[in-house]
Amino acid sequence: MSDSTLVQSLHILLHILTAVLLPPLIPGLINKVKALMAGRTGPPLLQLYYDLAKLARKQAVFSRTTTWVFLAGPVAVVAAGLVASLLVPFGHAPAPIHFQGDMILFAYLFGVARFATVLSALDTGSSFEGMGAAREVTFSVLTEPALFLGFAALVKVSGSLSLSGMLASPGFAISRATGPLILVLAGWGMVFLTENSRIPVDDPNTHLELTMIHEVMVLDHSGRPLALVLYGASLKLLVLGALIVGPLLPRTSHPWLDWAGFYAGMAVLALAVGLVESATARFRMNRVPQFLVAGLLATAFAFFLLQA
Amino acid sequence: MILFGLCAFLVASSGVPGLFLRTRGGLAAAWLMGLGALAGLAAAARALFAGGPSLALLHTPLGTQGYLRLDAVGAFFLVPVLVLPACGSIFALGYWDDRHESARRLRLLFGITTGFLVLLVAAAHALTFLLAWEGMAVTAYLLVMAEDREPVTQKAGWIYLACTHSGTLCLSAAFALAASATGGFLFTPLPMGFAATSRGTATFLLFLAGFGLKAGIFPLHFWLPGAHAAAPSHVSSLMSGILIKMGILGLIRVLCLVPDPPRWWGALVLVLGAVSGLLGVAFALAQHDLKRLLAYHSIENIGIILLGLGLGTLGKSTGHPALQALGYAGALLHVLNHSLFKGLLFLGAGAVVHATGSRDLERMGGLARTMPVTAAAFLAGSWAICGLPPLNGFVSEWLIYLAAFRGLAFPSSSWSVLAIAALATIGALAAACFAKVFGVVFLGQPRSPEAASAAEPPRAMRLPMTILAWACCAIGVAPVLVAPALARAAGAAAGLAGPVDLGGMAHLTTLSFIALPMLTAAALIWVWCRKGPAARTGLPTWDCGFTAAGPRVQYTASSFADGLVSAQRFVLWPKVHWRRIVALFPSQRGYRSEVPDPVLDRCAGPGLARTARGLTGLHFLQGGQLPLYLLYILITLVALLVWMVA
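Chains as they are written, first to last, in our numbering: chain A, 1 to 308; chain L, 1001 to 1646.
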């Protein structure tokens, strides 16, 4: 009994450490892949860690238009992201916190992050940041139902009302669920790219304000708040990535091997994102909703296939 | 029960001392209202926590059973019915003081309306119910007409009066039909099988229309935005927070009395909820008037409540107690939550209107600097109405989501997935809308001189907003606090014998503990940010080299919402007025967009005007001559005689 408690607490510890320490590595991996694809050496893998360390020492600049809401944005993003990371299973081990209906909390925590970021952007009174904020909320109207319809399909398959149950369900072995699962993951893949502001929806590299969504909302952040913004974005990559990687992982014989599988899965996801970013261009802004509707339809079809 | 009677008396008479006092009438009203609320809350607590059978309050002089009965459902509704007017009467001290000529009248009517509301939640007989209902409706009409010299107010008031009376007409017919089945006007369960008959169908549809008109279910909502916007803000908060909920109370009472609702009842309620929710928030997004926008959000939240009721009713028809309990619990909690945060938001809007003298979003901006308390309270309300954790709106939406996800395992799963998709879309749209409201009103730079010179309202107006904001936080952070009362009320609403086992189905305790790490993490990160190298402040916002960035280049409410509004133009039909720029150096330019209400401005208004014009042809029948009228009576009598003989 005490042995299993020890193992369990080790799992939880590893989960928390992964959630806190791993995220900045993922953008590093993606950027490395992109650089190699373009024939460049690229920044070191740990670049974001260096950036964060540097930003933490830097002086922040606050515009005279801003209020406390400006700082509350990045703070809420990281706080919500950290709590969300406790709800999602990394691989097959159940998440540290799991209860019936935790996927709703999970989705709404990202709502918190979005709402706070948007308000933080509007607090600057800048028209560019207003533009980015308007785009962010517009696209979220299509990603949110896609996420929830995916949950509905997984609940239907697994019969579990918790992320830990529905993502790690052995039910995916049954053939009837394979097709819908692929559709859900395809739809969620689109949600993943949108929510993390990656190509083809948004471009994390461009600094042309008129074409951006997420980057333009954080133009005015600097110093420690900017460090939070960058860290929060990488945390989101990890947490939403775990949502997609989890169901695809094969179940191994040993729980520690499962962890290795999870890390490998995240690396493959980063590789895939890097490849997509190298191979495609960003959509024109008016094409983005069509892309998102495709994601929404994929998850809806997944549900209706299960219903039939 | 003495406490309940004391409460009703105190709140109803709260405006009376003000009639005789030269000053301090408002203070007397606030004290009386507060004392009445305390007495009523004690009565509600006894009904909710004491257990056992609910208390019969008043015995009829004629019959044996009570006209008034405070059961768990009524007691649960009694809480917002007392909290909001108490807060509103404090707010009125600063907002609508004795300098307004209508102050005394408004105070008196505010108390009387609340008195009728208190009676209504405890009504257990069609007669008391309809009396309280009409009393509430008529006094609320007089409250809306506080500024009766304004033509806009007059129009809104008339539309409201016409709608509420049409609703009462439907309700009277429905009660009569129901009485034909039960054999009396007391609220007793309808016989099995009645719901499936055509008479049962007619009864349900009449109830739905009557209560729907009051609740503002789409497409019966059209009186609501005008009336809420025209009324003084503490009256709007009462109307939006409580009055429209009485429609929900009525629906719950009716559904409670039907032992075997057909499945399509629940499905219809659910579909109406999805439609109201989606269209309510879509139209809210397109508004520029702060109070009209909040009013459309009430339609949205009524939609969310109906989604819960619909799921609960589906659970009742299909015999799934878990679905039933979660659906009703979510709907009931959302009733309470919505009245707290919507009351707060309307009071906040009142403070903004008080400070800037305008309801136009495009003239606001930067108020968070000059009105920090109002801004913080309004942010709490916005956070809650978007259903974001850890505030109270999330808890009730979570319960409704949970009901829908549970329903996926049952044969009614297509309806569940409709509810899930609708709730998710509503959530995202509501967040978009309140990002717009809070961002445009409180953040950025002031867009008008009035907004620039706005000042924090007096303490009497800040206090009720603070109370309501803390109430929203308390229910959100520790939903276990309301769980026992909610379980009992949901059990009574679902027609079950005892309280529902809420803890077994919804881990409200876990949800309470989740708020803790989130707030701790946020506080630690905040401190870490503040501890960093000293920040430079006082510099302008980086505007990409555009040096003359003033308030006028900021994103406006219209431009913020434009992406979503134009994406939904096939539903919203926005009207855009702008002058095409033809020459170089155009001297005049302008752009204005508006989204008229689809039902009032496009269907009911023109349609009724045409009908009225058509009916002028019948004027000759009403010529004003007494002999003619006597002749009509004679003809009617003869016709009746012939009919009876035949």
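These aren't lab readings, by the way, just hints derived from the structure by calculation. Just so you know, not all the hints are guaranteed correct.
Pairwise CB distance ranges (calculated) [unchecked claim]:
1. 1516(L) x 250(A): 33 to 41 Å
2. 1527(L) x 263(A): 26 to 34 Å
3. 283(A) x 1260(L): 51 to 59 Å
4. 1321(L) x 287(A): 45 to 53 Å
5. 287(A) x 1569(L): 14 to 22 Å
6. 1319(L) x 253(A): 51 to 59 Å
7. 307(A) x 1504(L): 57 to 65 Å
8. 1517(L) x 178(A): 32 to 40 Å
From the derived model, a few chain A residues whose C-beta atoms are all more than 10 Å from chain L [as the list claims (entries may be wrong)]:
9. 17
10. 37
11. 58
12. 63
13. 72
14. 78
15. 144
16. 149
17. 152
18. 205
19. 265
20. 267
21. 279
Here are some, though not all, of the chain A residues that point toward chain L, as calculated from beta-carbon distances under 7 Å [what the hints assert, rightly or not]:
22. 99
23. 118
24. 160
25. 165
26. 303
27. 305
Quick caveat, the model's predicted, so the values are computed rather than measured. Just so you know, even glycine gets a beta-carbon here, dropped at the ideal spot from N, CA and C.
Hints and how they fare:
no. : hint                         : result
1   : 1516(L) x 250(A): 33 to 41 Å : holds, 36 Å
2   : 1527(L) x 263(A): 26 to 34 Å : holds, 32 Å
3   : 283(A) x 1260(L): 51 to 59 Å : holds, 53 Å
4   : 1321(L) x 287(A): 45 to 53 Å : holds, 48 Å
5   : 287(A) x 1569(L): 14 to 22 Å : holds, 18 Å
6   : 1319(L) x 253(A): 51 to 59 Å : violated, 43 Å
7   : 307(A) x 1504(L): 57 to 65 Å : violated, 28 Å
8   : 1517(L) x 178(A): 32 to 40 Å : holds, 37 Å
9   : 17                           : holds, 16 Å
10  : 37                           : holds, 30 Å
11  : 58                           : violated, 7 Å
12  : 63                           : violated, 4 Å
13  : 72                           : violated, 8 Å
14  : 78                           : violated, 6 Å
15  : 144                          : violated, 4 Å
16  : 149                          : violated, 6 Å
17  : 152                          : violated, 5 Å
18  : 205                          : holds, 17 Å
19  : 265                          : holds, 26 Å
20  : 267                          : holds, 27 Å
21  : 279                          : holds, 28 Å
22  : 99                           : holds, 4 Å
23  : 118                          : holds, 4 Å
24  : 160                          : violated, 10 Å
25  : 165                          : violated, 12 Å
26  : 303                          : holds, 6 Å
27  : 305                          : violated, 13 Å
Taken one by one, the earlier hints fail for this structure at numbers 6, 7, 11, 12, 13, 14, 15, 16, 17, 24, 25, 27, listed in ascending order.
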